[in-house]
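Colleague: Go ahead and model the full structure; you've got the sequences and the hints to work with.
1 is the number of the first residue of the sequence shown in this note's numbering; add one for each residue after it.
Keep in mind that the hints were calculated from the coordinates and are not lab data. Bear in mind that the values here come from a model prediction, so they are computed numbers and not experimental data. There is no bait here: all hints are sound.
Derived pair list, reagent style SDA-like, types lysine to any residue, alpha-carbon separation capped at 20 Å:
1. Lys-80 <-> Leu-91
2. Lys-238 <-> Glu-166
3. Lys-155 <-> Val-256
4. Lys-153 <-> Tyr-260
5. Lys-155 <-> Leu-136
6. Lys-241 <-> Gly-225
7. Lys-153 <-> Leu-245
8. Lys-155 <-> Leu-252
Label pairs and their calculated CB-CB ranges:
9. Val-261 <-> Leu-132: 16 to 26 Å
10. Ile-244 <-> Glu-151: 21 to 31 Å
11. Gly-205 <-> Pro-185: 20 to 30 Å
12. Gln-264 <-> Asn-142: 23 to 33 Å
13. Ile-244 <-> Ile-145: 27 to 37 Å
14. Val-110 <-> Tyr-179: 51 to 61 Å
15. Lys-80 <-> Ile-244: 43 to 53 Å
16. His-240 <-> Lys-70: 56 to 66 Å
17. Lys-155 <-> Leu-126: 24 to 34 Å
18. Ile-112 <-> Lys-68: 21 to 31 Å
19. Glu-151 <-> Lys-70: 40 to 50 Å
20. Lys-153 <-> Glu-67: 56 to 66 Å
Just so you know, even glycine gets a beta-carbon here, dropped at the ideal spot from N, CA and C.
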Amino acid sequence: MTSLVLVLTTVLLPTTSSALEGRDYLPGMEYSSVWSCHGQEKFNWYCEEKARPSPKSKEADKQTQSEKSKEEMAVEELEKIRKDLDAKRALAVVHPTPGNIKAYMAAQKVEIDRASFFADVWRRVLWQNAELNYELKNPMNNFAIKVAARERKVKETRTMTDLAREWGIFFFFRGDCPYCKHMVPTLQWITRQYDMTILPISLDGATIEGLPPSVKDNGLSTQLGVEAVPLFVLGNVKTHKMVILGAGVLSLQDFVERIYVLTQTTPGDL
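Modeller: Here it is as structure tokens:
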């Protein structure tokens, strides 16, 4: 019996020693060896492996998807489509092989077809919902444009004629301003066409030919914040209300349009 024990001890000792040194361990263990843990005590008999995140179940994914709105899912899908198209384009440009270019062309065709379908549905909806049709207020058709322009011209002329009874144009100028002198014929035309009074206001005491006698600025320019000339301001002789029309060289149509827009409409009407 004693001899048998000694034989067994002799046979097992190398194996045990090797196991203790970490050179022999069972396959399928969750860690390399009982001795392979770094930073742990020498005689720890296990390794504290990092916790592995449990994979999400399909039910959880479905629940997450159901919580998203249709708009959010559409945004994600559109972003995915855009990235895929950009990726195929980048590959085709960097590596222009027939296969890469063909793949990009095929993806681009899909997007063109999608855009064409979208445009077709868009116009059908537009035709059947007048409140969404922008062209009813701002026509694109050539014939409709002419009709709208004619109607607008009538309104502008009527506005100028009506305003001329109580409103006039204050013309701020300086004697050394060449653009100010250039405005004289246009202002004369406004007076003849619409009988609107023009009042020249000199910022430096100079005079200007072809218009009614100018008056020297009495501080009105400071009140209005005049920084550049020529400057034109529409003024009411009764209420003393002021409406700045703009500075610089303006045409007759500029005057008529600005006076109509600033006195007869509110932002968003046109």
